[in-house]
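**Student:** The primary structure of each chain is shown beneath.
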Amino acid sequence: MGHEKTNSGESLTRLIVQSYMEAFNLWKEGAFVVWGAIVVPAEIFRGFDNVVYCCPESHAAMCAAKGAGPDLSQIAEALGYSLDLCSYPRIDIGCVSGGRKLSPTSGLPKPNLLVSDNNNCSLLVKWFDVHHRNMNVPHFIIDVPFCYEPQAEKDLDYILTQFNDLISTVERLSGQTFDINKFYDASMQTARALFEWKRFLECAKHRPSGLTVFDSFVQMAPLFTSRGRTELVEHYKLLADETEERVNNGVFPVPNEKYRLLWDNIAPWHRLHKMDMHLRELDANIVAAPYTSCIGGLEGSFELFELALGKDPLWYMARTQNMSVCPYGLDLRFDAMSWAIEQIGIDGIIFASNRSCKVFSVMQMDLQKRISEKYKIPTVMIEIDHADPRKFSDESANMRLDALVENIASVRSSV
Amino acid sequence: MKPLDSVKSLRECGKPVVGCFPPYPPLELLHSMGLTPFVLWGLRGEVADAERHIQNYACSVARRLAQFVMSDANGLLDGLLFYNACDTLRNLPEILREGLAESGAVAPPMFRIHVPMVPTEQTDSSGYLRNEFESLIGSLEAHFGVRFSEEKFAASVALYTNMRDLCLQLEEDVSQGTMTFTDFSENLMSANFLPVENQVELLESKIAGSGPSLDSESPRGRVIASGILAPPNSISRLIDDAGFRVVGNDIAALHRSYAYAPETWSDVYDYYAHVYGNHFPCTTLLYTADKRVEQIMKMVSGRRADGFLFVGEKFCEYEYLELPYLEKQLKELGTSVLAIEISIGDDTAVETYRTRIEAWAEMLEAAQATTSPRVGQGGK
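In order, the protein sequences belong to chains G and B.
For the first sequence, the numbering used here assigns the number 6 to the initial residue and increments by one for each residue that follows.
For the second sequence, the numbering used here assigns the number 42 to the initial residue and increments by one for each residue that follows.
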């Protein structure tokens, strides 16, 4: 947070470095490597003795944040992948197609199994198909029905069936046996970590906020590299404790916070610092985003959906498959955003229309209209690409952010 | 006839008209229940009203569909049916509702199913699909006051199977050079807006009207056309005028839609298990990905195609993520590939494509000249 490296910031770096190094080391020693989409329940893989889990989306985001996005994308584009495609697969395909040295982690260890799901987007399935063909690696698809209302029981059962098939598939391909107790233990670790994660996000309710959304964007990473591990719990406990302590001590990232904003879309990974600095100059703070707050909830809800004692963790994993930002409809998104506005206290909303994430962005125009009508708060739509700075203009975005802040000030002065 | 006029005509049949989201809705089922279904694609025109609801980086299929439902056909549809065809389309139902509400209209009742997207060798989803169809049938019965019967369903399946067979025959006519690709695709796209009985009549009349080969000479290239929609007429005409013969197609609105019909099935659930399970591969049917390249290679070699023309639907990530691999495989087979991209308004910007298509024809022609004439062809 702020400019100085906090203990949780140092812990984050350690945890990420450790998880990537461990993945490579175990791979070298013969571990079975799974590449999975972010919402795939990695806890299942912790139920095996020697299975390593890696997340290409998270790795692509890290490459983008470290400035490697355009170079890696261009490798994929030279192979024929359209510039109109999401920048995550372009980065990832570029990485495995000769661009490893451009990645901060030298890419990911070679997979033995690919596990995609279509709950965030079906594009993930197509993306993993590229690797499936090029690397000749099996591809398991988790099919998650889209929700217009809270997830239906029939859909939950269907997802559960697929999880059981996934377990059998890993057993068959890896020659290892699934240990349900290990899986239960990993699920409990994730549940504890999510509790701490929500405790950290709760600090946004304070005025001024105890965090900026940029902190939460960066701090998401271990959720995709270290799920199911005690290190994850320890890290998020440290993060939540430290953030609460700073709030109690009157230390805030934007001390003169006048404008509390909400960000609607994936993080603009290549602009985190620049955008954060620009907003601080305006005494504005993006305090929350569905992108980070949905984790641990149901169908976009900001509230924690706890793994209750005695409940089957596999059931819990299936029930939370529609939690992330895309696999549910406009009404549910409206409900989640309304909760944030009312509970966190939001003065204005930035709808980031993201060319790289059509599935998240298509419906923002109506969401914006409904929110504006109900809450009468200023909103703005800016054009972004979450990982390709070539499709982003600082000038255009800043102009609109400035206008949003002026609009909020104007509304206040007229009241 | 324009799609809007066609839908007005559909209403004159007196049966409820149901607009179905593309590409592969269960048309036979709706027809058997006394409804008139059509697929909401092949729509033309500007998307002025939809611009307020959908960003311009969504594909033209979604944007035109939105425009049609929200504005052009407002009040003409008795129902909408959709399934999880693609990420953009799955977001549309509530957007359509909002758009209609903006003009004071109420959205027509919406019906939906989730078609399992898992390979059968991975997960047995037959029970789930059965449940989806049971729910759909129940919803249609309750809303329209109709009853499902297996007998009527079988009769509808027979009609649709006949229609699809006729499409395959016409495709063969195009392959033999007795019909232009422009006429073929124009007729099939407009047939979509007719009741299936009239589609059959139209297709039969076209087959009966097919004459001898239109080509006085051998084609400059035998090509497979691929994409989501049939190319706009202006582009199809360029393909014909350049001297190509379209010997087959891998177009979602054409071959991918009519290529397969189950020969045997026990009931409606079994029928749709076959339909979706054995469907001609499509980029949007996620579980068919492994079979797609194989099927296309088979088509290319079986129809002795020299070239593969990809007419890409701009912003369709399903198509564009598969293209590089497919292109590589085709080139290894010695098949030339030309990729062009279409979107809204491209039927008025034909000249952009003319040079590329003509240059490709010259290239294929030159390549042919360096190889032996095919059996049954004089060469050129």
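By construction, these hints were calculated from the structure, which means they are not laboratory data.
Do not rely on the hints blindly, as some may be mistaken.
[Claimed, not checked] Within a straight-line C-alpha distance of at most 30 Å, the following computed DSS-like cross-link-like pairs (lysine-lysine) qualify:
1. G:K71 with G:K279
2. G:K106 with G:K263
3. G:K115 with G:K279
4. B:K247 with G:K115
5. G:K10 with G:K187
6. G:K106 with G:K374
7. G:K316 with G:K159
8. G:K159 with B:K339
9. G:K10 with G:K203
10. B:K372 with G:K115
11. G:K396 with B:K355
12. G:K374 with G:K316
13. G:K187 with G:K115
14. G:K374 with B:K355
15. B:K339 with B:K372
16. G:K187 with G:K210
17. G:K106 with G:K187
18. G:K210 with G:K374
19. B:K247 with B:K339
20. B:K332 with G:K159
21. G:K115 with B:K193
22. G:K396 with B:K339
23. G:K203 with G:K33
24. G:K106 with B:K193
25. G:K210 with G:K263
26. G:K381 with G:K210
[Stated by the list, open to error] Here are a few chain G residues that face chain B, going by a calculated C-beta distance under 8 Å:
27. S127
28. D134
29. M140
30. K242
31. M370
32. D371
[Said to hold, decoys possible] FRET-style restraints, in silico, Cβ to Cβ:
33. G:K374 with B:E87: 14 to 24 Å
34. G:G180 with B:E304: 52 to 62 Å
35. G:Q23 with B:T396: 26 to 36 Å
36. B:S307 with G:E239: 55 to 65 Å
37. B:A142 with G:S415: 51 to 61 Å
Since the model is a prediction, treat every value here as computed from it, not as a measurement.
Don't be surprised by glycine CBs; every beta carbon is placed ideally from N, CA and C.
**Student:** Confirm or reject each hint.
**Tutor:** Do the hints match the structure? See the list:
A distance of roughly 13 Å separates the Cα atoms of K71 of chain G and K279 of chain G; the hinted pair therefore holds under the 30 Å criterion. For the proposed pair K106 of chain G and K263 of chain G, the alpha carbon gap of about 43 Å is over 30 Å, so the pair is violated. Annotation: proposed proximity of K115 of chain G to K279 of chain G is violated, straight-line Cα distance about 34 Å (limit 30 Å). At most 30 Å may separate the alpha-carbon atoms for a hinted pair to count; K247 of chain B and K115 of chain G exceed this at roughly 55 Å.
Annotation: proposed proximity of K10 of chain G to K187 of chain G is violated, straight-line Cα distance about 35 Å (limit 30 Å). Of the pairs offered as hints, the one joining K106 of chain G and K374 of chain G is violated, with about 45 Å between alpha carbons and a cut-off of 30 Å exceeded. The hinted pair formed by K316 of chain G and K159 of chain G meets the criterion: a straight-line CA distance of about 18 Å does not exceed 30 Å. A threshold of 30 Å between alpha carbons decides the hint, and for K159 of chain G with K339 of chain B the separation of about 38 Å lies outside it, so the pair is violated.
Simply put, K10 of chain G and K203 of chain G have alpha-carbon atoms about 22 Å apart, close enough for the 30 Å limit, and the pair holds. This hinted pair checks out: K372 of chain B and K115 of chain G have alpha carbons roughly 27 Å apart, not beyond 30 Å. For the suggested pair K396 of chain G and K355 of chain B, the alpha carbons sit about 17 Å apart, so the restraint of at most 30 Å is met. Note on K374 of chain G and K316 of chain G: the hinted pairing is violated, with a Cα-Cα distance of about 40 Å set against a maximum of 30 Å.
Taken as a hint, the K187 of chain G and K115 of chain G pair is honoured in the structure, with Cα atoms around 25 Å apart against an allowance of 30 Å. Taken as a hint, the K374 of chain G and K355 of chain B pair is honoured in the structure, with Cα atoms around 27 Å apart against an allowance of 30 Å. Between K339 of chain B and K372 of chain B the alpha-carbon distance is near 14 Å, which keeps this suggested pair within the 30 Å criterion. For the given pair, K187 of chain G sits about 36 Å from K210 of chain G by alpha-carbon distance, which is inconsistent with the 30 Å threshold.
With a CA separation close to 35 Å, the supplied pair K106 of chain G and K187 of chain G exceeds the 30 Å bound. A distance of roughly 25 Å separates the Cα atoms of K210 of chain G and K374 of chain G; the hinted pair therefore holds under the 30 Å criterion. The hinted pair formed by K247 of chain B and K339 of chain B meets the criterion: a straight-line CA distance of about 27 Å does not exceed 30 Å. Between K332 of chain B and K159 of chain G, the direct Cα distance comes to roughly 29 Å. Compliance with the 30 Å bound is thereby established for this hinted pair.
Annotation: proposed proximity of K115 of chain G to K193 of chain B is violated, straight-line Cα distance about 54 Å (limit 30 Å). Restraint check for K396 of chain G and K339 of chain B: the C-alpha separation of about 39 Å exceeds 30 Å, so the hint is violated. Restraint check: the Cα-Cα separation between K203 of chain G and K33 of chain G comes to about 36 Å, which exceeds 30 Å; the hinted pair is violated. In summary, the hint linking K106 of chain G to K193 of chain B is not supported, as the alpha carbons are separated by about 63 Å, beyond the 30 Å threshold.
Under the criterion of a C-alpha separation no larger than 30 Å, the hint pairing K210 of chain G with K263 of chain G is consistent with the structure, at around 14 Å. For the proposed pair K381 of chain G and K210 of chain G, the alpha carbon gap of about 20 Å is at most 30 Å, so the pair holds. Below 8 Å, beta-carbon pairs count as interface contacts, and S127 of chain G has one with chain B at about 5 Å; its hint therefore holds. Annotation: interface hint on D134 of chain G holds; nearest CB of chain B at approximately 5 Å, less than 8 Å.
Hint on M140 of chain G is violated. Least Cβ distance to chain B is approximately 12 Å, over the 8 Å limit. With a least beta-carbon distance of about 36 Å to chain B, the hint placing K242 of chain G at the interface is violated under the 8 Å criterion. Interface hint at M370 of chain G: satisfied, since its Cβ lies 5 Å from the closest Cβ of chain B, which is below the 8 Å cut-off. At its closest, the beta carbon of D371 of chain G sits 4 Å from a beta carbon of chain B; the interface hint therefore holds under the 8 Å criterion.
In this structure, K374 of chain G and E87 of chain B meet the distance hint of 14 to 24 Å, their C-beta atoms being roughly 21 Å apart. The hint said 52 to 62 Å for the Cβ distance between G180 of chain G and E304 of chain B, and at roughly 41 Å that hint is violated. Checking the proposed 26 to 36 Å range against Q23 of chain G and T396 of chain B shows it is violated: the Cβ atoms sit about 56 Å from each other. Hint check: S307 of chain B to E239 of chain G, Cβ distance near 57 Å, so the stated range 55 to 65 Å holds.
A142 of chain B and S415 of chain G have their C-beta atoms about 29 Å apart, which leaves the hinted 51 to 61 Å range violated.
Comparing the model with each earlier hint shows violations of hints 2, 3, 4, 5, 6, 8, 12, 16, 17, 21, 22, 23, 24, 29, 30, 34, 35, 37; every other hint is respected.
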